[in-house]
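Chemist: Each chain, written out:
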Amino acid sequence: MKPDRKSLIRLGLGAVGLGLLFGVWEAVVRLGWVPAGLLPAPSSLGPAWLDEVRNGAWQTAIRDSLTHYLLGLVIGTVLGALVGLLCGAVGALDALLAGVVRVLRPIPGLAWVPFAILWFGLNTAGATFVIAISVFWINFYAAYGAVQSIDPDLYEVAAAFGHGGFAGRLMKVVLPASAPGLLAGLRTGLGQAWMSVVAAELFGVPGIGARMMQASSLLATDLVVVYMLTMALLYALTDMLFMVVRRRLLGWQG
Amino acid sequence: MDMAMPETGTRSDSSTDNTMVRLSDIGLSHDRGRSFVLRGVDLDIDKGQFVALLGPSGVGKSTLLRVIMGLTPPSEGTVTLTAPESPLGRSTALVFQDAKLMPWRTVRQNVELGLEGIGLSRADRHARALASLELVGLADRADRWPRQLSGGQRQRVGVARALTVEPDLLLMDEPFGALDAITRSGLQDELLRIWAQTHKTVLFVTHDIDEALILADRIIVLSGHPASVRGDFMVGPRPRDRSSPALQALVERLKALIAGEPDPGERPAYWQASEI
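In order, the protein sequences belong to chains A and B. Mapping of the first sequence onto full-length UniProt numbering: position 142 corresponds to residue 142, and the numbering continues sequentially without gaps. Mapping of the second sequence onto full-length UniProt numbering: position 19 corresponds to residue 19, and the numbering continues sequentially without gaps.
Calculated directly from the structure, the hints in this document are not laboratory data. We put the beta carbon where it would ideally sit given N, CA and C, even for glycine. A portion of the hints provided could be inaccurate.
Just a few of them, taken from the derived set where beta-carbon distance is under 7 Å, the chain A residues facing chain B [to be verified]: (1) G23; (2) W25; (3) E26; (4) P152; (5) Y155.
Rough simulated footprint, nothing fancy, chain B against chain A, three-plus residues with beta-carbon under 8 Å [stated by the list, open to error]: (6) 158-167; (7) 193-201.
Here are the simulated distance ranges between beta carbons [unchecked claim]: (8) B/L192 <-> A/L249: 47 to 57 Å; (9) A/L170 <-> B/G186: 29 to 39 Å; (10) A/L249 <-> B/D31: 39 to 49 Å; (11) B/R32 <-> A/L97: 23 to 33 Å; (12) A/L70 <-> B/D124: 55 to 65 Å; (13) B/S29 <-> A/D4: 57 to 67 Å.
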């Protein structure tokens, strides 16, 4: 696939926008409009980042956070999509869980932090738990909505061609038909999980969030920004990876 | 499925040897017998016949197809299908209104739907699907997505999907209803060609008298509330001259029956006219 003129222009404009952001930012600090203590200049980020890399803190933080991120993402996504699919496909289960969902849904992942600490402690399991919960609901609703919006005639088509049982409906209709919805949920979850990573680590589980907290208590704003950008970069990478997978899975949507 | 299954081999009555499907006193109610959609439907269809099931929209023609297929169990009566002659073990296949292809499957994968899960090898499924696509003239579109096809092409894929399971009885639910006149006419010709080539028994639902006259050997009128068979006509050899007095008389009879007018003949509510 060759990028056409239009998408090249879009890409170029995006780069210009980023350049403007950093340019204005640098200028604002250099011209003294904002005190350097409140906002680090972009040019000061490079040295700060190099220091972090040299003492190994950057790599360790990324490794820890990626572990929390991936574990929470996988557990939350798989469970959320599975329960959402089942609730969408099985009316009785949907009715049974409707009340439970109403009660649990509005509780944000962060509110579970006290229990995460009590049940799991300030460790990988605790952080994973908090991330998984916030990812769970996104995928639950995405899967549920995807199943509900399947053209009911397609079940009849499947039944007419010998796939009328539960397994047949699931494999020939529910899973492929809800794949776009499931992937949309997964993508939202990819972003949400990074936000939850910071939240889950702010309480002391080692990782990017914890490192940011330490830096900010030392007023090392340049380090805080380094980790902000690190997170943005990691998110961009996961999202790009996702788009590659999505294109392969959903070629039929064009 | 409480449908009576294969009976051919065991049946001693020689007069039924040529019967593909027999409906006896079929009734269907969606509210446990308070009201009926279909009631007292009796119908025999012979092997190799092209039968049009004609009736006003919403009368229950599509529902009757689903009863025959076993997708909807009847509330009363029995459906008797002859044992499948097809090596794939399926005696019926349905062509849906608006094709109803699965958008996430390529054309070929759609056609393979009925071949999956019955122990055929991948290569065998491929070959069979391509042969069906060849029959409807779409072999060169095998790897396209449904969204890349025209409405007429999608419907041809729907026909190929049904033919691939080698059904003895091909059920068609107003398959050309949503198409423009030219496409529709082309597909009607093509269907007759395929029918002549494959010798399938066809039960074709339509609310269009002209379509029934172009396609069918036999026209069955389903009408009334609850619906039952109100007319049963054999139509002469093709091609048919619409301007002939006999055919025009038939059209008038069909219109009256569809509109629900009582039959004036000596056999009330049932009109038999062989050879027009």
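Chemist: Hints first: check each against the structure and report whether it holds.
Modeler: Do the hints match the structure? See the list:
Violation of the interface hint for A/G23 is found here, the shortest Cβ-Cβ separation to chain B being roughly 44 Å, above the 7 Å cut-off. Interface restraint check: A/W25 against chain B, minimum CB-CB distance 45 Å, threshold 7 Å, status violated. Interface hint status for A/E26: violated, as the beta-carbon distance to the closest one in chain B is roughly 48 Å, over 7 Å. Restraint check, A/P152 versus chain B: the minimum CB separation of about 11 Å is more than 7 Å; hint violated.
Proximity of A/Y155 to chain B is violated relative to the hint, the smallest CB-CB distance being about 10 Å (cut-off 7 Å). Under a criterion of three residues with beta carbons nearer than 8 Å to beta carbons of chain B, the stated coverage of the segment 158-167 of chain A is upheld, 7 such residues being counted. As drawn, the segment 193-201 of chain A meets chain B at 0 residues by the rule of a beta-carbon pair under 8 Å; below three, the given contact is violated. A hinted range of 47 to 57 Å for the beta carbons of B/L192 and A/L249 is inconsistent with their spacing of about 41 Å.
For the hinted restraint 29 to 39 Å between A/L170 and B/G186, the CB-CB distance of approximately 38 Å keeps it satisfied. Checked against the given bound of 39 to 49 Å, the beta carbons of A/L249 and B/D31, roughly 43 Å apart, stay inside it. Distance hint check for B/R32 and A/L97: the Cβ-Cβ separation is about 30 Å, which falls inside the suggested range of 23 to 33 Å. A C-beta distance of roughly 41 Å is found between A/L70 and B/D124, which places it outside the suggested range of 55 to 65 Å.
Hint check: B/S29 to A/D4, Cβ distance near 59 Å, so the stated range 57 to 67 Å holds.
Of the numbered hints listed earlier, those contradicted by the structure are 1, 2, 3, 4, 5, 7, 8 and 12.
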